[in-house]
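With these hints in hand, go ahead and build the complete structure from the sequences.
Protein sequences appear in the order of chains A and B.
Under this note's numbering, the first residue of the first sequence is numbered 1, with each subsequent residue one higher.
Under this note's numbering, the first residue of the second sequence is numbered 1001, with each subsequent residue one higher.
If you are wondering where the hints come from, they were derived from the structure by calculation, not from laboratory data.
The model shown is predicted, which means the values in this text are computed figures rather than measured ones.
Certain hints may be false.
[Unchecked claim] Subject to a maximum C-alpha distance of 20 Å in a straight line, what follows is the list of computed SDA-like cross-link-like pairs (lysine to any residue): (1) B:Lys1097 to A:Lys11; (2) B:Lys1009 to A:Thr111; (3) A:Lys11 to B:Arg1041; (4) B:Lys1097 to A:Ala51.
[Unchecked claim] A few chain B residues that don't get close to chain A, going by computed Cβ distances all over 10 Å: (5) Glu1008; (6) Leu1011; (7) Glu1020; (8) Ser1026; (9) Gly1029; (10) Gln1045; (11) Leu1063; (12) Asn1064; (13) Ser1069; (14) Phe1076; (15) Asp1081; (16) Asp1102; (17) Pro1110.
Think of the CB as a built atom: it goes at the ideal place given N, C-alpha and C, for glycine as much as any other residue.
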Amino acid sequence: DAGITQSPRYKITETGRQVTLMCHQTWSHSYMFWYRQDLGHGLRLIYYSAAADITDKGEVPDGYVVSRSKTENFPLTLESATRSQTSVYFCATNRGAGTDTQYFGPGTRLTVL
Amino acid sequence: AQRVTQPEKLLSVFKGAPVELKCNYSYSGSPELFWYVQYSRQRLQLLLRHISRESIKGFTADLNKGETSFHLKKPFAQEEDSAMYYCALRCPTNAGKSTFGDGTTLTVKP
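This is the structure:
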């Protein structure tokens, strides 16, 4: 669905560098999420946001920072990248907290050397 | 705490054979359960949700509260069903956060 996009799609960086992954949605959905996908671990929630200026930690938040100044954007920043943060990162959004469909972005493949 | 378990990381069947992808969950409240599918080089997409009691692409899933399971089934697998499948549980009372299982890679052989 073109309504949720991520950039960049691929990123290679070095240990210790700061990296920001962008997520943008056009539906004005309230909820936005960041997951990482690793072999053997499925999808793990990093951070989520229930509305603009409201964010909270998920299952694996260490080493990550988020902000949500506008409803449509939810950037994820790795303050000082580590090799263990090499992963595929997915942004997702849903309108409500119940049974609404959760829509996923195309993912960003991040490699930390 | 909520937890989703998909016991099979890999599942391989022949075309036309029945397929069942297992999902067990633990959650103290009334769960909202979903199956997502990720085809090769594509993003995750919703396959079906338990509350809709629907059949999508021939797949069905029944919520069994007694066994705390939400297995995904299809009577006759097709090659195009080959994909990664994730079971997910959502807490409506907890900001709609979803917990995903580790996923099952389904391969349907010709």
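Now for the hints, and whether the structure bears them out:
Pair hint Lys1097 (chain B) plus Lys11 (chain A) does not hold up; C-alpha atoms about 27 Å apart against a cutoff of 20 Å. Taking the CA atoms of Lys1009 (chain B) and Thr111 (chain A), the gap is about 24 Å. The hint is violated against a cut of 20 Å. With a C-alpha separation of about 17 Å, the suggested pair Lys11 (chain A) and Arg1041 (chain B) falls inside the 20 Å cut-off, and the hint holds. Between Lys1097 (chain B) and Ala51 (chain A), the direct Cα distance comes to roughly 13 Å. Compliance with the 20 Å bound is thereby established for this hinted pair.
Residue-level check passed: Glu1008 (chain B) sits 13 Å from the nearest beta carbon of chain A, beyond 10 Å. In this structure Leu1011 (chain B) is separated from chain A by more than 10 Å, as the shortest Cβ-Cβ distance comes to about 15 Å. At roughly 19 Å, the least C-beta separation between Glu1020 (chain B) and chain A is larger than 10 Å, which holds for a residue marked as non-interface. Annotated as non-interface, Ser1026 (chain B) keeps its C-beta farther than 10 Å from every C-beta of chain A; the closest such distance is 15 Å.
No beta-carbon of chain A comes within 10 Å of the beta-carbon of Gly1029 (chain B); the shortest separation is about 13 Å. Chain A draws Gln1045 (chain B) into its interface by the beta-carbon criterion, the shortest separation being 7 Å against a cut-off of 10 Å. Residue-level check passed: Leu1063 (chain B) sits 12 Å from the nearest beta carbon of chain A, beyond 10 Å. Here Asn1064 (chain B) stays apart from chain A, with its beta-carbon at least about 18 Å from theirs, past the 10 Å limit.
No beta-carbon of chain A comes within 10 Å of the beta-carbon of Ser1069 (chain B); the shortest separation is about 17 Å. With a least CB separation of 26 Å from chain A, Phe1076 (chain B) remains clear of the 10 Å interface cut-off, as annotated. With a cut of 10 Å on Cβ distances, Asp1081 (chain B) stays outside the contact zone with chain A, its closest approach being about 19 Å. Its beta-carbon lying about 4 Å from the closest one in chain A, Asp1102 (chain B) breaks the requirement of being farther than 10 Å from that chain.
For Pro1110 (chain B), the condition that its CB be more than 10 Å from all CB atoms of chain A holds, with the nearest at approximately 26 Å.
Hint compliance for this structure: hints 1, 2, 10, 16 are not met, and every other hint is.
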